[in-house]
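Between the sequences and the hints, there should be enough to build the whole structure, so can you do that?
Top line first, the protein sequences correspond to chains A, B and C.
Its first residue numbered 0, the first sequence is counted upward by one per residue in numbering that gives the first Met the number 0.
Its first residue numbered 0, the second sequence is counted upward by one per residue in numbering that gives the first Met the number 0.
Its first residue numbered 0, the third sequence is counted upward by one per residue in numbering that gives the first Met the number 0.
Since the hints were derived computationally from the structure, they do not count as laboratory data.
No residue lacks a Cβ here, since even glycine has one placed at the ideal position from N, Cα and C.
Watch out, some of these pointers could steer you wrong.
[Claimed, not checked] The list that follows gives simulated cross-link-like pairs (lysine-lysine, DSBU-like), each with its CA atoms no further than 30 Å apart:
1. 152(C) / 253(A)
2. 70(C) / 94(C)
3. 142(C) / 253(A)
4. 91(A) / 136(B)
5. 136(B) / 15(A)
6. 253(A) / 81(C)
7. 62(A) / 134(B)
8. 208(B) / 27(C)
9. 208(B) / 179(A)
10. 216(A) / 279(A)
11. 52(A) / 136(B)
12. 20(A) / 52(A)
13. 162(C) / 127(B)
14. 81(C) / 208(B)
15. 71(C) / 93(C)
[To be verified] Which bits of chain B does chain A cover? Going by a derived footprint, with three or more residues having C-beta under 8 Å, they are:
16. 122-129
17. 134-144
18. 182-189
19. 215-222
20. 228-240
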Amino acid sequence: MADVKDKKEEKEILTKKDITKSWFLWWLLAETNHSFERMEGVSFSLALQPALKKLYKKPAELKAALKRHTQFFNTSANWGAVIPGIALAMEKEKALGNEIPDEAIVGTKTGLMGPIAGIGDTIDWGMWLPIILSLFIPMAKQGNGWAGVLPFIIFLVITMAESYFLFHLGYKSGTASVNKMLSGGAIHQFITGASVLGLFMMGGLASSYVNVSTPLKITAGAKVLSIQHGILDAIAPGILPLLVVTGVYFYLQKVDHNYTRAMLLIIAIAVILGAFGILK
Amino acid sequence: MGKITFVQACLIGMFYWLRGCRFGYTMPTGPVGLFSPLPAALWVGIVLGNIPEAMIVGAGLQLMYLGLLAPGGAMPSDPTLAALISCTVAIVSHISTGAALALAVPVGLLGVQIPNIEYILNGFMAHKTDNDIDKGKYGRTYIDSVLYPTLYKIVLYAVPVALVLYFGASQVGPLIKMIPSQITNGLNVVGQMLPAVGFAIIVQQIGRKSLLPYFLAGFFLQQYSHISTIAIALAGLFLAYLHITFTSSKNKENSSVKEG
Amino acid sequence: MANYDNIKLIRVDERLIHGQVVTQWLNKSEANKIIIVDQFLSTNDFLSNVYVMAAPAGTDVLVLNPEDFMKKINNNELNAGKYLILFKLIDNLKKCFDLGFSPSEIQIGNVGSSDDRKVVYQSVSLSETEAKDLLELQNKNIKVYFQQVPGEKPVDLNEIIKKHFSNLN
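In structure tokens, the structure reads:
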């Protein structure tokens, strides 16, 4: 049973600065030496190393701890920052003499990789990025160099904040932090709302940036009818761009998921239709 | 016809090396982070002294690669390399935006091969790092797993790009001049249509078929009103809020059924 | 005779429910329910709950051990939906096979490396024992193929065996 003196010792073993140091190493190095065999594994160990050195004074224990964390690991490292935090919390418990088998730490760590990655990838790359980018693409189209920097600084700040917060949460609350993140379905609601916003903005952006029209005309005697202005635009503006986007979408859904082939197909179609003056 | 100096080619190559280093998780591979098409275009524009033209090509590329996630880790295309090469060739050889975007596709494909070599080398360093731990040389783990990879990435990433651009960037121009004008018209259409691929991809990534009407809503709103992106963002926020409010009564938590 | 009609996809993926990957396979296979078959997880409340919560909204998740899973199969209890069956590793799959599991095909998507495994496909590492187990499944007319995401070309088990485990051929 921990008495007041023990609690004080517990608090001092790893200070907030130690945790932040490990967080920073994780943020900095997570993907640097990616290999097929280990992916983010080695960096996981490198990030925890300073803290583990404080926890395990016996060389055999330290080596064992360092090596169990160089093994295969892969997740979305921003939201995934909660996992090294949790691992560190479990290592701390183990170092203090509580019975925590190695397999529990490794099992928890690898068990969480998948689900957290799902959430992280969706929110960071599938939500923040398109939304922030669509705000700055107009600038870029006008040749403004700031569009090359601003959106990414914003993205960097948001994701570093996510990462910092979650790493500390993982350490403070251990495995309970995952429950805090996932329970109640709040996160799924957030993702739904973000998806609505994302799709809406992508629609608006697509409207501005896919500019295909047809220069074809129908001549009947003295009358000349422009197919674009007379027919297509009269039905609804932007039909041709919309057709292109939906065409590619259905191609990817039904025919083939290969993005490169889709791009090559579009190039071929565009060149042919453009060369024959059907589209401009 | 424009020229590219050796120093310029090296500077652009160094950008690719930095991206290969992957320091800081938010700046890694793919269409995200500090090595996306837009910042890459900016760098090329600064190095070659023509920011506006670079940014225009960069915008098209960023849109093309908009949704390019790497689910499960396998990137189908390398937007950074595509941007560096396409923007450089666009400025040095004066090719059109459409041609530059078309060029990006094969270049992006090639770029995927280089990391594969890097990953194999990293695999060797991982074993060396384990050995360091066994021998108690903890500090050395950082040298083996961080410093050495950073150094050999210069050879893998910066050198090829610098060489290709120095010897090749200005050669593309005369080739393009030989293309008949109809094909050139075709390439202009390419410039307009390729971003559509990016949109289709991101719509697919976001995934939920029931939410697709919102894409159409945003599309037609912009078509009819031509309002600014900020206005669309605000309208979108409002719609998102309404959507969650109206569907929250239908939403239940996933049923957790655990047996055995 | 057990009915496998409602099982739309059987996949071995060490990361089980990994966001985009699982979403893509759910879309492609048109499954709307997930069953995770894993001895260890079926006894671990915390992790089981994580998978339930992390699955795409509206997708039910069942976590079963091999025996209970085979009971459901053999009693034809899988008829209220279209199922994606997920195994973490080959061991639990082999266990089900030994208990009579005989679907028409199995997809190997993702297995991490370890000391006794070698990388045989971009996202899959196998040990010799696991390769032998897969061959046993194939000999009983179960097609085994390797595929990470829908956009990639599937690779047949025979190709993998020829290249990496030629001694087993």
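Hint by hint, here is what the structure shows:
1. 152(C) / 253(A): Cα-Cα ~15 Å, so holds.
2. 70(C) / 94(C): The hint holds at about 13 Å.
3. 142(C) / 253(A): At roughly 24 Å apart (the allowed maximum being 30 Å), residue 253(A) and residue 142(C) satisfy the hint.
4. 91(A) / 136(B): 22 Å, holds
5. 136(B) / 15(A): At roughly 26 Å apart (the allowed maximum being 30 Å), residue 15(A) and residue 136(B) satisfy the hint.
6. 253(A) / 81(C): 19 Å, holds
7. 62(A) / 134(B): Given pair residue 62(A), residue 134(B) holds - Cα atoms ~9 Å apart, limit 30 Å.
8. 208(B) / 27(C): 13 Å, holds
9. 208(B) / 179(A): Holds - the C-alpha atoms of residue 179(A) and residue 208(B) are around 29 Å apart, at most 30 Å.
10. 216(A) / 279(A): Answer holds: residue 216(A) to residue 279(A) is near 13 Å, not above 30 Å.
11. 52(A) / 136(B): Holds: residue 52(A) and residue 136(B) sit about 12 Å apart, inside 30 Å.
12. 20(A) / 52(A): 13 Å, holds
13. 162(C) / 127(B): 26 Å, holds
14. 81(C) / 208(B): Status holds; Cα separation ~18 Å.
15. 71(C) / 93(C): The given pair, whose Cα atoms are some 17 Å apart, holds under the 30 Å limit.
16. 122-129: As far as the region 122-129 of chain B goes, the hint holds, because 5 residues have Cβ atoms under 8 Å from chain A.
17. 134-144: holds (count 5)
18. 182-189: holds (count 7)
19. 215-222: It holds: at least three residues are needed, and the region 215-222 of chain B offers 8 whose Cβ sits within less than 8 Å of chain A.
20. 228-240: holds (count 10)
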